[in-house]
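Asks: Below, each chain spelled out in residue letters.
Number of protein chains: 2
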Amino acid sequence: MPNQPLRPAPGDMAPGDIAPAEFAAAGHALIDWIARYLADAEQYPVLSRASPGQVRSALPAAPPALGEPFAAVMADVERVILPGVTHWNHPGFFAYFAISGSAPGILAELLTAALNINGMLWRTSPAATELEQLTLDWLRQLLGLQSGWFGMITDTASISTLLALAAARETQPALAVRSRGLAGRPDLPPLRIYTSAESHSSIDRAAITLGFGHDNVVHVPVDNDFRMRPDALANLITEDRAHGRLPIAAIATVGTTGSGSIDPVPAIATVCEREKIWLHVDGAYGGTAAVVPELQQVLAGVDRADSLVINPHKWLFTPIDCSALYTRRPDVLRRAFSLVPEYLSTTAPDEVVNYMDYGIQLGHRFRALKLWSVIRVFGALGLADRIRYHCALAREFAAWVDAASAWRRVAPVHFSLVCFRYNPGDPDLNDEETDALNAAILERVNASGEVYLSHTKLAGRYTIRLAIGNVRTELRHVATAWRLLQDAAATVRR
Amino acid sequence: MPNQPLRPAPGDMAPGDIAPAEFAAAGHALIDWIARYLADAEQYPVLSRASPGQVRSALPAAPPALGEPFAAVMADVERVILPGVTHWNHPGFFAYFAISGSAPGILAELLTAALNINGMLWRTSPAATELEQLTLDWLRQLLGLQSGWFGMITDTASISTLLALAAARETQPALAVRSRGLAGRPDLPPLRIYTSAESHSSIDRAAITLGFGHDNVVHVPVDNDFRMRPDALANLITEDRAHGRLPIAAIATVGTTGSGSIDPVPAIATVCEREKIWLHVDGAYGGTAAVVPELQQVLAGVDRADSLVINPHKWLFTPIDCSALYTRRPDVLRRAFSLVPEYLSTTAPDEVVNYMDYGIQLGHRFRALKLWSVIRVFGALGLADRIRYHCALAREFAAWVDAASAWRRVAPVHFSLVCFRYNPGDPDLNDEETDALNAAILERVNASGEVYLSHTKLAGRYTIRLAIGNVRTELRHVATAWRLLQDAAATVRR
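Note that the protein sequences, when read in sequence, are chains V and B. Using this note's numbering, the letters of the first sequence map in sequence onto residues 1 to 494. Using this note's numbering, the letters of the second sequence map in sequence onto residues 1001 to 1494.
Just chain V, with the same shape it has in the complex (with noise of 0.2 Å):
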C-alpha cells in the first residue's frame, strides 16, 4: 500500500467527534426528553401495536452518505421508533418478569458508555474489576450470604449459568475436556445435567452448546407446588449410574419462570454432596427477594452451593445488562476458561484479577457502575423496601383471585409473580377450552394497552402469569389489571 498523504476529514474539521458543545446540548435535550418519557410512560399503550415491518420499512433502506444532527436521530426516536417499543418502564408491564430500570441506573450507564473502558484486564481500568468485586461483595451481604463468593458481572443469566455448568464440567481434571473435547473419545460416558421440568430453558440452552446435549440434561419431576423433589433426583441420579452415564451437575432455581417455585435448595444440596457433583443455583429472579431481611429464607442452602446467578437487571431497577455470577470456586472457573495469549499478557501482580480469565468474552463493560450506583442511591433498606412491596402486591392480587370464585390461583406466591386461570366451573366447559377462554381473555387484555401480561402451562393448562417488578408500579396498576381480567372474561364468555 502507498503511502498517501494525510489530510483532514471533509470541511477542513480536524478528524473527531461531535464538538463537546454540540454533544453537551444533544444530552441536555436528551436528558429532559428521558426525563419526560420516564414520567409519561403510562401515557404509552404497554404492548406496541406496531405490524410486522412497520419500523423497518418507515426508514430508509440505506445508510446516508453525510451526516446528520443528533437532533434528526431524535425526530426519527419519536415518528418511528417508540410506536415500536413496547414498553417495560410502564407500570402496567406484568408480563415475563417485569423489570426496570432507574434513574440511579440509567445515569450510571450514560457513563460507563462515556468512559468507554474493556476491563478485560485489571490493567485495562483498575477501577472497573475492583468496583465489580466490591459491588458483587455488597450484593453478596445484602442476600445474607457468607463470605468467600467470587463474583463477576456478566450480560445475562443465560450467560452466567453457561459458565458455571461449563465449570462443573471442568472440576474432573482427569477427563480433560478441557483440551481433549468430548467428541471421539470413547473412554467418556453420557455426560448429565439434572435441573427440574419447571426450570429456565437457559439451562437447556448452555447444555446444548457446551455439548452435553439436550438428551443428556434431566428434567426431574417436580411436587404438586412445581418444586423439584430432591427424592426423585438421587434416583435419577442413582440410575445414570447404573447405566454407566456420569453425573456433572444439577441446577435448583430459587423462583422459576412459570410460577415462581422455590426448589428444596438444602435437601439437594444434600445430594449434591454425596454424590459430588456441582450444584448451581439459578436466582436469577427470586434470589434477588433476599435483599428484604425477612424474605432471606429463600436463598437457605445456597452457601452450600458451588455457584449462583442473580440478574440485578431483573428485580434490582439496574437497566439491562447485569447477570451477577457467583462462585466458590473460582479457581475451577479459571481452570475451564483461562487462556493467555502474548498479545494480553500483564506482569500485573499475581493478587489482581484479570476477568478475561474466568469466562468466554473477552470484552468485559464497565457494568459494576450502574449496580453500584443503584445500590448506592436505594440503600440497602430502600431496595429491600420497594421488593418488600412489590411482594405485597403480589399478594394482594392473589386475594382478589382468591376471593373471586370463577378464578382458581394455581401457585404459591412466594414473591411477586401471581399465575392464575379463569375457571368458571362451567360443565360445558373442557380443559382445552378453559384454555382457549384464558387465552382470549389475555389476548384482549393486552390490546387494551393499559397492561402486559404474559402466559405459561402448569400442570399442563394455560396459566396467565402477572409479575410486579417495575420500580414505578402501585396498587392502581395492579387494580387496572384485575378490572381489565374480569371486564375480558366476561367479554369472552358471551
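Everything labelled a hint here was simulated from the structure, so no lab data went into it. There may be inaccurate statements among the hints.
Rough simulated footprint, nothing fancy, chain B against chain V, three-plus residues with beta-carbon under 8 Å [stated by the list, open to error]: (1) 53 to 62; (2) 106 to 117; (3) 124 to 134; (4) 210 to 219; (5) 375 to 381.
Each residue gets a CB set at the ideal place from its N, CA and C atoms; glycine is no exception.
Got chain V sorted already, so can you dock chain B onto it with the hints?
Replies: Below, chain B without anything else, positioned relative to chain V:
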C-alpha cells in the same frame, strides 16, 4: 406467607424512583461532566497508576443502609474511580485495538438504558428487532458485501464466533449434536476446527466451550506475512480425514490481533467449499476498514463465507459492547439454538424474527440504537474518512520506523496497526536481550502517562504494537509516541 398490609415506602414516599426533576438535574450535571471529560481526556495519564487494591480499599466495605444522592456517587467517581481508569478515550491510547466511542454512540446508549427494553422477542419491542435488522443491513452495504446476509448484534466477537462455530457443529443433522451431545458417543469422531497460528484466542475459547477441545483446534501455519497458508490448510484437512477425524469449520482472519495480517479468504473459501466445511471470517477489527471504498478489497471473498464477525465497538466509534454477527445460513444457527418454552411462545406472524432463537443469550439489549446513531451522525463518508485517516496515520508512523536504522518494522501495515521492534543491530545483543530491551522500552513509554502501547510476539520475538482507533487521535499523538519510544530506547540502552 400471611397477607401483610400494603404499606408505602419509608418517609411516606410513593414507591418509585428518583423524581423526574432530580433525575434531570443529575443528568444535566453528568452531561456537562462528560463533555468536559471527553474534551480533557488528554489531561489524564492514559494507563492508570492505581496500585492493586487502591480503588476497592478507598470505598466502604459494606453497602449503605440509607440512599445517597447521585451527586455523592459522582464525587466518589472523581475521587476514587477516575484514578483507577485506564483512559481508552485518551487519544494516546494505542494498545490492543485502540477503541473509542463517540458522541452519538454515548447518547444512544443513554437512550437504550432509559428505554430498557429486552428485545428477546419481536413482540417485546418490534422496533428493537427491526432496527437491528435494518442497521446491520446498512453496515453490510457500507462494507460492500452482497445482500443475503442475516445480521444479529451480540455483545462481543467472542460470542459471535462461538455462535458461528455452534452453527457449524449443527450443519450435519445426522450427527444429532444438539440432542445427543458429544460425550459417550462411540459413533462420533473428533471434530476439528482450523484457524491460523495468528488467530485470536477467542476461537480457542469457543472451541473449548463447545466441547471440541483445545487439542482439536488446528493452528495452520502462516507465511512470512503472518497469513494462513491455504495449501497447509488443505493438507491438514486431508491428513485429519485420513486419521478419521471430522473437519467442521475453518476460521479466516481479516486483521489478526498480533500483526493485522489478512488471511487469503478466496483461497481458503475454495478449500472450505471443496471440503464442505463452514467458513467463518473474523473481521472483528480489520473488516471495519471495508467502509473505506478503496479498502473494500480486504473483504474479498467474504461473500463466499458462511459467517462473519465485525465489531463496531472496535473501530466504528460505537461504545462497547456491539459485535455484528452475519451469517448466510440463519436456518442453521436457528436450528442450533431455538428453544421456545411455553412462557416465551407468542402468536406473532411467522415472518418476524425472534432474536432469542439465534443464540445463547435470552436477554437482548437494544444495541442497534447506538450503531444506527453512529452511522447516521457520521454518515458513510464521515466514517470512511476517519478510518482512512487512521490508516494514513499508521502508514506515517510506519515510515518513521522504516527510516530509523535502530528500529525494524516486523509486519506489513494493512490497517491502523504498526508492529515494530527496537533492534540496533548491536552484535553484543542476542535475541533474548533485544526482547528484554523492547519490554523495558515499552514499560518506560507507558509509564509516561502520555501514550499506552501494548506488545505481542511475532515469529517468536517481542514486538511492540501501536494501534490507532480513537476518534480524537491526531498526528501529534502518534508523533508523541514515536518521540517517547526513541527517548526510552536511548535511556534503557545506557
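Asks: With reference to the structure, classify each hint as holding or not holding.
Replies: For each hint, the structure was consulted:
1. A count of 7 residues in the region 53 to 62 of chain V with a Cβ less than 8 Å from any Cβ of chain B is obtained; the coverage claim is therefore met, three being the minimum.
2. Restraint check on the region 106 to 117 of chain V versus chain B: 12 residues with Cβ-Cβ distances below 8 Å, three needed, restraint holds.
3. Only residues whose beta carbon comes within less than 8 Å of a beta carbon in chain B count, and the region 124 to 134 of chain V has 9; three or more means the coverage holds.
4. Beta-carbon proximity to chain B at under 8 Å applies to 7 residues in the region 210 to 219 of chain V; the threshold of 3 is reached and the given coverage holds.
5. Only residues whose beta carbon comes within less than 8 Å of a beta carbon in chain B count, and the region 375 to 381 of chain V has 7; three or more means the coverage holds.
Hint compliance for this structure: every hint is met.
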